[in-house]
Amino acid sequence: MMVHDTLPITIKADKEAGRRFPTLGAVCNKLEAQLNFIAMTAGWFADENHEVTLSFDISTNALTATDLVQQGDEVIEIADDAILIFHQGTFHYHGILSITQPEQQIILQQKAVLPLLLDKKCILMLNVVAQRESLSTL
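Residues in the sequence shown are numbered consecutively from 43, following the numbering used here.
Warning: the hint list may mix true and false statements.
What the hints assert, rightly or not - Derived pair list, reagent style SDA-like, types lysine to any residue, alpha-carbon separation capped at 20 Å:
id: 1; residue 1: LYS162; residue 2: GLN143
id: 2; residue 1: LYS162; residue 2: LEU177
id: 3; residue 1: LYS57; residue 2: THR142
id: 4; residue 1: LYS57; residue 2: VAL69
id: 5; residue 1: LYS162; residue 2: ASP99
id: 6; residue 1: LYS162; residue 2: ALA121
id: 7; residue 1: LYS153; residue 2: GLU74
Keep in mind the hints are simulated off the structure, nothing from the lab.
Could you build all of it, start to finish, from the sequences and the hints given here?
As structure tokens, this is what we get:
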């Protein structure tokens with residue numbers, strides 16, 4: 043595995059989401075560690091010439107990829123609340139996940155739902171990447 047300044051899979055929440063859900067930063071950190079470990083044990087990072095990276099952005103706003111898309115990028119709409127951007131010529135993907143209004147209401151009532159929800163959404167997107175890159179699904 044190549045040595046990086048950052049992990050191959052990163053997760054960050056925007057400021058608004060962090061204000062709305064104070065535990066979101068800790069949830070993202072824990073999930074980031076778990077997903078990197080799972081991907082590593084699945085052999086995702088074994089080939090230094092084909093090392094996939096993925097950065098997730100978590101938001102409570104409606105999704106828009108317009109500001110993040112560059113010429114030649116491919117936008118893959120996985121769901122209304124999940125968009126994956128593939129940066130052509132690289133092995134880098136950018137995932138944008140939205141916590142929808144109904145999900146926000148549930149999380150405010152049952153805080154334990156937040157990590158489970160984000161885990162499911164991230165795994166869904168990672169498995170799309172796995173399929174595209176001929177990697178093991180997670």
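Pair hint outcome, LYS57 versus THR142 [Cα-Cα no greater than 20 Å]: holds, 16 Å
Given the hinted pair LYS162 and LEU177, is their Cα-Cα distance within 20 Å? Holds, because 18 Å separates the two Cα atoms, which is no more than 20 Å.
When you check the alpha-carbon spacing of LYS162 and GLN143, does it fall within 20 Å? Holds, at roughly 17 Å.
Tell me if the straight-line CA distance from LYS57 to VAL69 falls inside 20 Å. holds, 14 Å
Measure nothing beyond the straight line between the CA atoms of LYS162 and ALA121; if it is 20 Å or shorter, mark the hint as holding. Within the cut-off at roughly 13 Å; holds.
Hey, LYS153 versus GLU74, does the alpha-carbon distance stay inside 20 Å? The given pair, whose Cα atoms are some 19 Å apart, holds under the 20 Å limit.
Measure nothing beyond the straight line between the CA atoms of LYS162 and ASP99; if it is 20 Å or shorter, mark the hint as holding. Status holds; Cα separation ~15 Å.
When held up to the earlier numbered hints, the structure conflicts with none and fits them all.
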